[in-house]
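Peer 1: On the provided structure of chain U, position chain X as indicated by the hints.
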Amino acid sequence: MARSLDRRTVLKGLLGGAAISIGLPPLEAMLDASGTAYADGGALPRRFVTFFWGNGMIPERWTPSAFGAGDEWELSEQLLPLASIKHRIAVITGTEVRVPNRIPHFSGMGGLLCGLDPIGEEGNWTVAGPTIDQILAQEIGGETRFRSLEVGSRPGDGVSFNGPNSRNPFEASPRAFFNRIFGEGFTAPGEEPILDPKIGLRRSVLDAVMEQTAQLESRVGTADQQRLDQHLSGIRDLELRLQRMEDDPPNLASCERPDEPPTDDTWGNNIIERGRVMHDLVAMALACDQTRVLTYAHTMPVDNYVYPGIPDGHHRLTHDEPEPQEGVHGVTLQIMEEFAHFVQALDAIPEGDGTMLDNLVVLGTSEVSEARTHSLEEIPIVLAGSACGFLKQDIHYRSSTRENASKVMLSLMRAMGTNPAAFGEGDAMSTDSLGDIEA
Amino acid sequence: MPAVNPEAPTLRRLTNEQFRNTVDDLFGTGIVVPGELDPDERFDGLLALGAARTAYSPRGIENIESSAYLIAEQALAPDRRDAIVPCTPTGTVDSDCSARFVTEFGRRAWRRPLTNDEVTRISTVADSAAGTLGDFHDGLEFAVAALLQAPDFLFRVELGEVDPDGTFGHRYTGWEMASRLSFLLWNTTPDDELLDAAERGDLTTEDGLLAQTERLMASPRATDGLTAFFNDWMRFSELDDLYKEPLVFPHMSDTLGASAVEESERLFKLVAFDAGGDLRDLLTSRQTFVDRELAALYDVPAPVRDGFAAMQHPEDSLRRGLLGHASFLASNAHPVSTSATLRGKFIREVFLCAELPGPPSGVDTSIPPVTEQARTLRERVQQHLTDPSCASCHRNMDLVGLAFENFDGIARYRTTEEGVTIDSSGELDGVAFDDAAGLADALREHEDLGPCIAMTLARYANGYREHLGQLEALGWLGEEFALQGYALEPLVLELTASPLFRATNPVDTDPLEVE
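Respectively, the protein sequence lines represent chains U and X.
Be aware that the first sequence starts at 1, since it is given in my numbering, and climbs by one per residue.
Be aware that the second sequence starts at 1, since it is given in my numbering, and climbs by one per residue.
Please note that the accuracy of each hint is not assured.
As the list claims (entries may be wrong) - Ranges between beta-carbon positions, derived for each pair:
#1 U/Ala66 - X/Asn16: 50 to 56 Å
#2 U/Lys198 - X/Arg80: 43 to 49 Å
#3 X/Thr421 - U/Thr263: 45 to 51 Å
#4 U/Ala348 - X/Gly358: 53 to 59 Å
#5 U/Lys392 - X/Asp241: 36 to 42 Å
#6 U/Gly123 - X/Val363: 16 to 22 Å
#7 X/Thr90 - U/Arg257: 21 to 27 Å
To be clear, the hints were calculated from the coordinates, so they are not data collected in a lab.
Glycine residues also receive a C-beta, built at the ideal position from the N, C-alpha and C atoms.
The shape of chain U in the complex, shown without the other chains:
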C-alpha cells in the first residue's frame, strides 16, 4: 500500500508533534521503529468492547476447577471452546451482582452494567443510569468519529443505555453496519479528506435544530427535559462527526475499507454465520479507530434462538429442560465458540508490536448465571485482551468471598485510563477495583 506523507503529516513531524496538537488521527507512517507508539510519543488507541450474550451459563460446568495463572488453571467444560485464546483471557468466577433480584433478567443486566438497581414499575422497568460502555464513552469516546457503536447478531433492542428509557438500539444487519461505518463519511488511510460545501451547510442546519430544541426544552416538564437533553447530545455528536469528515482520515496500519457484505437474506435465520461477518466488520471498525467503545450483543437477555442441533429455544430450555440441561449446555458451548471467534477477529489485526487485542479489553458477560433460577451469584465474566498491559491474561480468578461484580467494572474503568471513585450505588457500589486481575 503506497502512502505519501501529506502536508499536515510533514508539519506535525517537523514540529515534533508537541507544539501543534490539533487532534489529528494517528498516522501509521509516524509510528516509531517498533510501531508501538507515534513519533510524538502518543499511545495507540485503547478500546472498551463488550460481548454480551443472553441467559447465562451453568455455573457447575462453567467454573474451572483450579485457579491461578498460566499452567495453574485449565479451562472448564463450558469454556473449552476458548482453548485457542486461553492465553489472552481472564476468567473471573464467584462474584455476584448486588442488586435486589426483583426482575428476572433485567435486574442482572442493569445491576451488572450500571451497578444500579433498575427503576420503574411492573412492565416498565428501565435502567437507573448509563451502562458502563456509555459511562466510558463520555470519557474516552470524544476523539473518534463515533462516540460508541452498538452491534448485534440478530435483531433486538440492545444492552447499552444512556440513562433511563434511553437505549442505544443496535445494528444487526452487516450491510447496514458496513454502510454506516464504511459508507459515506468514511475515508480510508491515504485517501483525501472529504471536502464538500454541503457538510458546512448540514452543520448550520444542526445549529438551527439545536436552537429550536433548546427553546422547546424551556417549555416542557422535567422528564421531557432529560429526553431533549439526550436529543441535543445526539445532535452534538453528529455535528462533531460532520466536522471530522474534513479531517485527515484515520491512518492506522491495519485499517482498510472492507468489502461490502451481502444483504441480510443471505443468512436467513442463521445468526452464527451472520454474526461472524459482523465480527470481522467490528474488528475493522476498531482497527480504523472509528470508535473506542463498542457493545456487541451476540444475543439479548431472554433470547429464544434455536441453535443448530439443539431441540428448543435457548430461554425456553433454561426454564423447562430437566437437569442436567444438556441442551442449555450445548447452547453455552456454541456461544463460547462465537466469543472465541469474536476475540480471534480482533486478535487478527496487527497493531504495534502485537495485535489489536493488546490495546483493548473485551468484557464477555451475561445478565444471569444460571438462567433457570435467574441467579445473580457466580455471574459469568470473561475478559479478553490486556488493555495496553493493564489487565492480566491467562488467569482464572476465583472469588472465595462472593465479591461484588462492580469491582470488576471498576477495574475495567481504570483499565481504560479513567479513575472514578466508585462504580455503582447502594449495595452494588464498589470503591475498590479487583486488584488481582490488574497487572
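Peer 2: Showing chain X alone in chain U's frame:
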C-alpha cells in the same frame, strides 16, 4: 360524565409508522423513506405508551439526519416541488420566497404556525445554502431537512394552555387537538382542513370538535388509522420476527407472520367498520380471511387467487375469532411447542386489562418432561397449579391458556398430544367451558372486556396510563361503550369529546396532588 383530573403533558415520539405516513402526507406518496427511526418500544403493553417515554438515540438522530436529506431531495425534485413551494423565486437567493415556503410548509410539518423567529431561523439556513450551492431549490432542501429534524416535528408537542372558557382548568390548544385527533384516527399528521379548523378555533369548541371527528371517522383513512390502534393493542409487532423451528413446524415461512397479522387486521376492519358492529364479535366470529399459506395451515380450502379471500369456519370448528388466528396462537407459544402460560397471560392482559406480577426470581420453573404418567401439557403443568407459590398466578394464566391446546405451537388444529386425547375444558372466572370456542364465548361475556377495550383506547389516545383520578371517567366511558353496543365509532366519539381527551394539566403537575 364525571370530572377528570388529567395527567400533565408529555412529548411523544412519532412512531415509525407515523413518521412514514406523515412523510407521505406532507410530500405525496412515492417518496422513498430510507432507513428507520429508533425501534418503537412497548410500555405497559402499548408502543403508544413507549413513544411517550423514550428519547431518540444518537444512532436514531444520525438516521433521521440522513433520511431528512434524502427525503428533501426527492420532495424538491423538479417534478414534485410545485406541490409544496408556493412561489417562483426571483433569483438564486430569494428571501421572501424562502420565508413564504417555510411559513406555509412549516405549518404543515410542525402542525402549528411558526413564530417569526422560527421562520427566520430556518429560512436563513435555506438562503445561505442557496447562495453556496447556486440554486434556490437546493437551498430549500436544507430548510426541509431542518424542519424534519426539529423536535417540533419528531415529537408530538402537546403542552396545553389555560382554558379561557373555564370548562377545564387546563386544556389542549386547538392546534394540539388537531394533532391528537389526526394521530388517533388516521395515524398521521393533520390534513389542511383540520389545520384550518384549528386556526379558526373550532377544535376547542364541542361542536367544532365533533364535526371534525365525524369527518375524520367518515373517511376511509380512519379504517387504516384505527387499525394501527388494533395492531398496537394486539402487540402484533411481536410477529415481525416470528420464529418456529421448521423441523417441527413445516408450515413455518418468512411470510407467515405478516400473513397472520393481515388476517387479524382484515377481521378487525370487517367487524369495526364494514359491519359497524359489536367489537366483541372479534372473539367469536366464524368469518375470517385467509391466503394460501394460512389456508394450508388451517386446513381449509385455499383462495382461488393470490392474496386473501373471505371464508367462514364451519359451525363445529373450534377456530373462532381472533383467538383462532395464527397471530394469537403462534406468537404466544414457543419455537417448538405451545405455551398455556403465554396464551393465558395474553388473554388476561390484553382483553381483561389484568395486572399480572412478573415471575419471582430464584425459583425452579422447569416443566417436567413427558412421562408415562404425564404426557400432555395439562398433566405436566400440574405442579404450577398445585404448588402454592406458583399457583396464585399460574392458575389465572394456565387454566385459560390450556383451552387452546387443540392448536399446536404454530396454530395447526390437533386432537391429541403424545397419543392422548386433549382435554381443553376449563373455566374463566367462574364460567365453565368445554373448549376454545367455549372460552371465546365466555370471554365475550366477561364483565371486564368492554371496560378494558375502552381503557386501552384511552391509553393509546393519551400516551399514558390512567391514574386514580381518571378511573371514574374511564368507568363511565366503559358504560357508554356497552350502552352503544360495543361499537368502535361511538366509543371514539365519546372519548374524543370528553375531558379524558381534551383536558390536561400544566407541565410537571402531579395530578394526584391537585384534587
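Peer 1: For the range 43 to 49 Å, tell me whether the beta carbons of U/Lys198 and X/Arg80 fit it or not.
Peer 2: Violated, since U/Lys198 and X/Arg80 (Cβ atoms, about 20 Å apart) do not stay within the stated range.
Peer 1: Looking only at beta-carbon atoms, does the pair X/Thr90, U/Arg257 fall within the given range of 21 to 27 Å?
Peer 2: 45 Å, violated
Peer 1: 36 to 42 Å was suggested as the range; check whether the CB atoms of U/Lys392 and X/Asp241 agree with it.
Peer 2: 40 Å, holds
Peer 1: Evaluate the given range 45 to 51 Å for the C-beta pair formed by X/Thr421 and U/Thr263.
Peer 2: 47 Å, holds
Peer 1: CB of U/Ala348 to CB of X/Gly358, is that within 53 to 59 Å?
Peer 2: Since the Cβ atoms of U/Ala348 and X/Gly358 sit about 43 Å apart, the hinted range of 53 to 59 Å is violated.
Peer 1: Could you say whether the range 16 to 22 Å given as a hint is met by the Cβ separation of U/Gly123 and X/Val363?
Peer 2: 20 Å, holds
Peer 1: Within 50 to 56 Å or not, the Cβ separation of U/Ala66 and X/Asn16?
Peer 2: 52 Å, holds
Checked against the numbered hints above, the structure violates hints 2, 4 and 7; every other hint is satisfied.
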